[in-house]
Amino acid sequence: MRLFAITVAAMNSQSFLSGPHTWRVELPKFWDVLGPFPIHAREQQFLSPAFPINISEPIDFARPWPSAYADNGAVRWTKTQASPEGDLKVSFPNIRWSDLRATEGWAALQHHAVLHTNLTLYPPRGTDSSIAPRLLVQLIQGSYIAILDSELSSPPEWHAGNVYATDRTLPRAIELPTPPSAISPTTYHIFVSGDYEIRLFGDPKRSAPTQSIKLTIDVEAPTHSITLESTQNVICDFLDGYAFGDAIGLGVRSVAGWWTVTDVVLTTASRGFVVELLRPTVIAPSQTRIVPVRIIQTAQYSQSTIGLTLTLTSEQRNQRSDVSVELPIKQLPRWSLNNLSVISVSYFYAQEMPTVFSAFPPLLENLEHQEPQPPILCLHGAGVDITSQTFWIDSLPRQQHSWLITPSGRTPWGLDWHGASAKEAWGSVDALVAILDATPSWHPRKLAAGTPVVLMGHSNGGQGSWYLASRFPDRVLGVVPAAAYIKSQAYIPLLMSRSAHFIDPTARAILESSLTPDDNDLFMSNIVDMKVLAIHGGNDDNVPVWHSRELVSVLQTWNAEANVTFREDARQLHWYPSVLKNDQVQTFLDTVLQLSSTRRPRSKSFTLTVAIPAESGSLHGWKIERLTVPGRLGRLTVHTLSDNQLHVVTSNVDRFSVLGEMWDIESLYIDKSFVESLSRYRESCVITFERDGQRLWKACRPPFLSVVVLLTMKQRVDSTKTSTQASGRIQSFLSTMASFCLVVLDKTNNRDMSLALRIAHDLNAYHRLDAEIILGYESLKDCAGNILIIASIVSPVLAKMLENPQTPFRVENDRVVVKDLVLEEAGLGILFLHPHPRNAEGQLLFLLSTDTSGLERAGRLFPIRTGVAVPDWVITSSGTDTRGAGGVLGAGVYGNDWSLNEAMSWLY
1 MRLFAITVAA
11 MNSQSFLSGP
21 HTWRVELPKF
31 WDVLGPFPIH
41 AREQQFLSPA
51 FPINISEPID
61 FARPWPSAYA
71 DNGAVRWTKT
81 QASPEGDLKV
91 SFPNIRWSDL
101 RATEGWAALQ
111 HHAVLHTNLT
121 LYPPRGTDSS
131 IAPRLLVQLI
141 QGSYIAILDS
151 ELSSPPEWHA
161 GNVYATDRTL
171 PRAIELPTPP
181 SAISPTTYHI
191 FVSGDYEIRL
201 FGDPKRSAPT
211 QSIKLTIDVE
221 APTHSITLES
231 TQNVICDFLD
241 GYAFGDAIGL
251 GVRSVAGWWT
261 VTDVVLTTAS
271 RGFVVELLRP
281 TVIAPSQTRI
291 VPVRIIQTAQ
301 YSQSTIGLTL
311 TLTSEQRNQR
321 SDVSVELPIK
331 QLPRWSLNNL
341 SVISVSYFYA
351 QEMPTVFSAF
361 PPLLENLEHQ
371 EPQPPILCLH
381 GAGVDITSQT
391 FWIDSLPRQQ
401 HSWLITPSGR
411 TPWGLDWHGA
421 SAKEAWGSVD
431 ALVAILDATP
441 SWHPRKLAAG
451 TPVVLMGHSN
461 GGQGSWYLAS
471 RFPDRVLGVV
481 PAAAYIKSQA
491 YIPLLMSRSA
501 HFIDPTARAI
511 LESSLTPDDN
521 DLFMSNIVDM
531 KVLAIHGGND
541 DNVPVWHSRE
551 LVSVLQTWNA
561 EANVTFREDA
571 RQLHWYPSVL
581 KNDQVQTFLD
591 TVLQLSSTRR
601 PRSKSFTLTV
611 AIPAESGSLH
621 GWKIERLTVP
631 GRLGRLTVHT
641 LSDNQLHVVT
651 SNVDRFSVLG
661 EMWDIESLYI
671 DKSFVESLSR
681 YRESCVITFE
691 RDGQRLWKAC
701 RPPFLSVVVL
711 LTMKQRVDST
721 KTSTQASGRI
731 QSFLSTMASF
741 CLVVLDKTNN
751 RDMSLALRIA
761 HDLNAYHRLD
771 AEIILGYESL
781 KDCAGNILII
791 ASIVSPVLAK
801 MLENPQTPFR
811 VENDRVVVKD
821 LVLEEAGLGI
831 LFLHPHPRNA
841 EGQLLFLLST
851 DTSGLERAGR
861 LFPIRTGVAV
871 PDWVITSSGT
881 DTRGAGGVLG
891 AGVYGNDWSL
901 NEAMSWLY
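Residue 1 is where the sequence shown starts when you use the numbering used here, and the numbers rise one by one after that.
If you are wondering where the hints come from, they were derived from the structure by calculation, not from laboratory data. Honestly, I wouldn't trust all of these hints.
What the hints assert, rightly or not - Here are the simulated lysine-lysine pairs, DSBU-like style, with alpha carbons at most 35 Å apart:
no., residue 1, residue 2
1, K423, K747
2, K604, K672
3, K423, K446
4, K604, K487
5, K819, K747
6, K800, K819
Could you build the full structure based on these sequences and the hints that come with them?
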């Protein structure tokens with residue numbers, strides 16, 4: 001959901017090494033186009049990117065293909081030509097789009113097309129061309145690209161494009177499928193998956209929906225060397241000579257070979273200012289990583305640059321290289337009333353990933369003898385890059401005593417402020433608290449530890465404000481969501497799904513349960529006691545105004561007396577300067593912030609709704625920690641019978657807790673069963689209740705106190721049960737506690753290594769998340785972050801890893817088995833989560849395949865984008881190429897303790 005349209009282009013011809021003694025690449029002006037085919041958003045992750053054709057076979061450009069969008073139900077290959085300016089526009093004006101839209105709305109405009117052309121590679125003249133080149137490819141607003149030799153002799157290797165047109169995304173290095181000729185031109189096929197999505201391309205109004213795609217291809221000689229990637233650098237601003245943060249990130253790419261960054265030194269001398277390498281950083285061939293460097297400062301640093309030298313070593317060649325870089329820094333003067341500006345702040349997300357966010361200080365210092373006012377956490381819309389634009393923070397109303405914090409969300413799109421993006425939003429608040437506390441001269445504007453926030457957001461950020469407020473209600477004082485959509489399925493319905501024509505209804509329900517944690521309307525019960533000011537332009541042409549109206553209606557259904565106000569600005573579109581800068585917003589903020597020191601009023605009866613306990617916080621001190629049937633919603637309703645008597649009603653809850661200091665509980669009923677006086681627990685911060693039978697409950701102090709008191713049966717709490725539900729969907733894998741480890745079990749398997757490099761690139765491009773690639777199982781013990789295992793199902797190392805399975809998946813006779821189903825056919829791709837070997841809060845993800853085509857299918861389901869329906873485990877087959885999710889052979893959500901959850905599992 002962009003605030004501004006982006007125009008992109010396809011270049012006719014590019015050459016990185018363009019002289020007569022270098023390789024040269026050329027693209028023709030004409031492209032073949034096949035389409036359109038109806039799909040829903042993100043369905044291309046299941047379908048073959050080349051759907052409906054099989055590009056491992058010779059292509060018949062004269063054959064018609066069935067499509068429900070075309071008159072007479074068939075489409076043929078057509079041609080499109082790049083304009084003189086180089087724009088490649090893909091549209092289908094002969095389709096009666098207005099008729100389709102009249103009945104199906106925006107959903108009818110979503111469609112898929114296949115693009116094809118040839119690439120010609122010319123060898124250098126008069127020099128040694130024995131080193132085969134690789135391609136540097138930048139595909140903007142295309143979904144996938146594959147490059148095949150002229151004979152189509154090998155299965156396609158699909159590389160994700162920069163579909164969001166995110167700035168600072170590096171080209172990806174693609175190895176040629178076969179070496180080019182050293183004496184004559186060599187031709188290769190290029191295939192691109194072009195997928196029109198409203199959120200990316202916008203509403204075409206009365207014209208045909210048009211894809212605008214930019215493809216640039218350069219050539220690189222893969223010599224054993226390294227290079228700096230300055231667009232990936234992370235650096236904070238300095239205020240009065242002191243760094244506003246402790247993290248520096250340096251983008252380093254290996255052109256070829258394995259390199260390890262072993263040291264960093266400061267080359268600009270300054271007393272009281274030093275740097276240190278946070279950890280050694282291993283960089284795989286063609287990979288880019290952001291090297292984490294910590295700032296240690298005890299005195300002012302007044303220079304305009306920071307000079308650093310990195311030391312890298314290569315064990316392959318017993319080689320050392322020193323690389324120097326100068327980072328420009330912005331020096332801000334000491335604060336005064338008339339001298340305040342936006343500050344770029346840095347910290348280490350997930351312990352070791354350099355991350356930057358923006359903040360604007362309060363106009364006045366903290367009031368003496370009063371707690372600091374909470375900050376306002378402001379979430380930007382999709383496509384807004386806070387690192388290169390000040391548009392968003394400039395659009396916010398300045399505050400007398402509150403900080404404005406604008407996190408990045410990892411990237412301009414991130415995960416729609418869910419998952420890792422939500423974690424980064426809270427991480428920015430905590431980082432600012434620590435940074436202000438560390439420097440005494442900044443204490444007049446410091447924040448309280450554990451401070452709650454007021455949430456504010458626009459567009460995708462408005463949706464994110466609803467999300468964070470309803471998932472972490474005890475940390476939010478009030479919320480101002482503007483131009484927000486309810487959820488992805490309501491914004492662009494999944495009406496035109498190809499998968500729906502083939503999939504078993506139960507399988508579809510289980511797959512789509514992975515979207516439930518993002519459905520804001522299901523969680524409105526959690527904010528009935530929160531002050532809400534929802535805002536929407538009455539003529540919004542991007543997010544229809546009914547979305548905000550409906551969320552307010554749902555909230556008032558839970559509580560007719562909810563403190564919610566809806567402001568509809570007549571005739572205003574999606575964005576307008578006064579959307580957040582107006583008297584009503586400021587009055588709302590003043591009211592909420594002035595009441596921040598008092599406890600929020602609570603209804604006599606309220607309901608906490610949770611989908612994934614690990615991704616949700618507490619409501620009035622009550623927290624659901626474990627569900628009876630993971631994958632389904634859990635609800636806990638608290639009724640106040642009198643001042644110290646409560647009745648709690650649960651639905652699909654196996655374990656919950658309450659913050660004892662917030663409640664003076666003398667007697668308690670849970671599901672109509674009386675629980676004896678809880679006065680003995682008052683010294684505990686948390687009282688935990690666990691199901692003990694169908695309708696009986698037991699209470700205990702927190703497990704770390706090592707004391708268990710049973711109220712219904714004399715038995716100990718089962719210590720094997722986890723405190724929170726492990727997952728619910730594979731997307732939770734992105735919420736890592738440290739850098740990812742991508743493990744290629746077979747060191748000689750080039751396709752597995754290629755997939756690891758592709759995933760590492762996508763993690764950085766889509767989420768600025770760091771990953772280390774590891775060959776073999778030996779170094780797995782050093783991984784604190786989440787771990788991805790890429791392997792063939794016949795790997796002997798895999799069999800050893802799963803010989804004592806902790807999940808329903810096991811290996812027998814070189815075959816993966818789940819329940820009683822033996823997985824052995826060709827083309828299978830298997831993904832399943834697994835407990836982390838050393839980190840109880842972490843996850844391990846297996847990505848297994850029976851062959852290279854299965855590897856590609858599993859790789860496309862790695863959770864890079866939101867809205868892809870993949871629960872805790874999925875088994876995909878060759879049938880997904882043409883039937884989408886209808887070709888899935890199995891899927892499910894684990895039960896507690898990683899068990900097979902029969903109620904939320906499906907096998908063909």
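| query | Hint numbers the structure violates, sorted upward? | reply | none
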